[in-house]
Every structure is written in C-alpha cells, then in structure tokens.
Amino acid sequence: MKHKLKHLQSLVAVALCVIMAMAFTSCSDDDDEPSSDNLAGSKWEVISATDEDVKAGLTIEFKNDGNCVLTPRDWSYSKWSVSNGKLKIVLGEGEPDDYMEGQFSISDKTATYTYSWYDCGGKWGGEKTYSMTLRKK
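Just so you know, the sequence shown maps onto residues -23 to -1, 1 to 114 in mature numbering (1 follows the signal peptide of the UniProt record, and there is no 0).
A hint or two may mislead.
Stated by the list, open to error - DEER-style ranges, computed between Cβ atoms:
#1 Glu70 x Lys40: 12 to 22 Å
#2 Glu104 x Asn41: 26 to 36 Å
#3 Trp101 x Glu70: 12 to 22 Å
#4 Ser84 x Ser53: 29 to 39 Å
#5 Gly18 x Trp101: 29 to 39 Å
#6 Gly34 x Gly99: 30 to 40 Å
#7 Thr110 x Arg50: 12 to 22 Å
#8 Gly98 x Ile24: 26 to 36 Å
#9 Glu70 x Lys32: 12 to 22 Å
#10 Asp85 x Ser53: 30 to 40 Å
#11 Tyr54 x Lys32: 14 to 24 Å
Stated by the list, open to error - Below, a list of computed lysine-lysine pairs in the DSBU-like style, where the Cα atoms sit at most 30 Å apart:
#12 Lys100 x Lys40
#13 Lys86 x Lys114
#14 Lys113 x Lys20
#15 Lys20 x Lys63
#16 Lys114 x Lys65
#17 Lys65 x Lys100
#18 Lys86 x Lys63
#19 Lys40 x Lys113
Just so you know, the hints here were simulated from the structure itself, not pulled from any lab data.
Ideal Cβ positions, reconstructed from N, Cα and C, are used throughout, including at glycine.
Build out the structure end to end from the sequences listed, making use of the hints.
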C-alpha cells in the first residue's frame, strides 16, 4: 500500500509539472508590434475615440506604398510610416500639415492607437494624448 501511495504522489507531481509548463507556454503575449508588414494592405475601422476630431466609423486604409486613405474624410495628402514601434500618420491638403504619432498595438483583429497630434513645422504638438480603438475590416 505504501508503494502505491508513493507512486501516486509521483504521478501527481509529474502531472502538476506538465500543467504548469503548459500554462506558462500558452500565456504568451499576443500583441503584435506594428510594422509595415502587418499594417500594409490592411483596412481598419474606428470603433471609439477620445479625440473629438476622430469619429466612430472612420476607416483608415494603409496602402503598400506608404499612402493611406481616411474615409469619410479623405485628405489630399495622407501618408503613414512605422518607426521604433510608433505609427505616424501625416495629413494635409496637398502637402504635409499635421501628424499623429504614437503606440499602435494589435491583438487579433482589434487595435489600440494611443497618439498625440503635432504640427509638421514644429510649432506645436504633443500637449494632449488621445486614443482610439479600431477593428480590422
């Protein structure tokens, strides 16, 4: 009987080790850092935003060539880039005027963009931080 109890204790210990190993490996970080690879050619819809100039329903399409299309407000100049994990969207009428820049994190088909607005001429910017939640279309 003593032998069976020790054998059972060994089996329980092994099972606990296996369960713990599986728990640690399955709890990896699912957030993707933005890159030109995972944004290029994609289209996102704003679900919510703290920025009064960004409304739910706005779509942002990231073109492969670095251009982007914002609908319904389609500026004549709109470009995007990613550098050091930060997404930068430059907007203007015919030429760069203002840009938003900040952290863009993707988890499955949902993204969060935490950003600030800046003047391309460096006159102002970064005073306030906004966020938007987007869904991949």
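* So which of the earlier hints does this model not fit? -> Of the numbered hints given earlier, the structure breaks none, since each of them holds.
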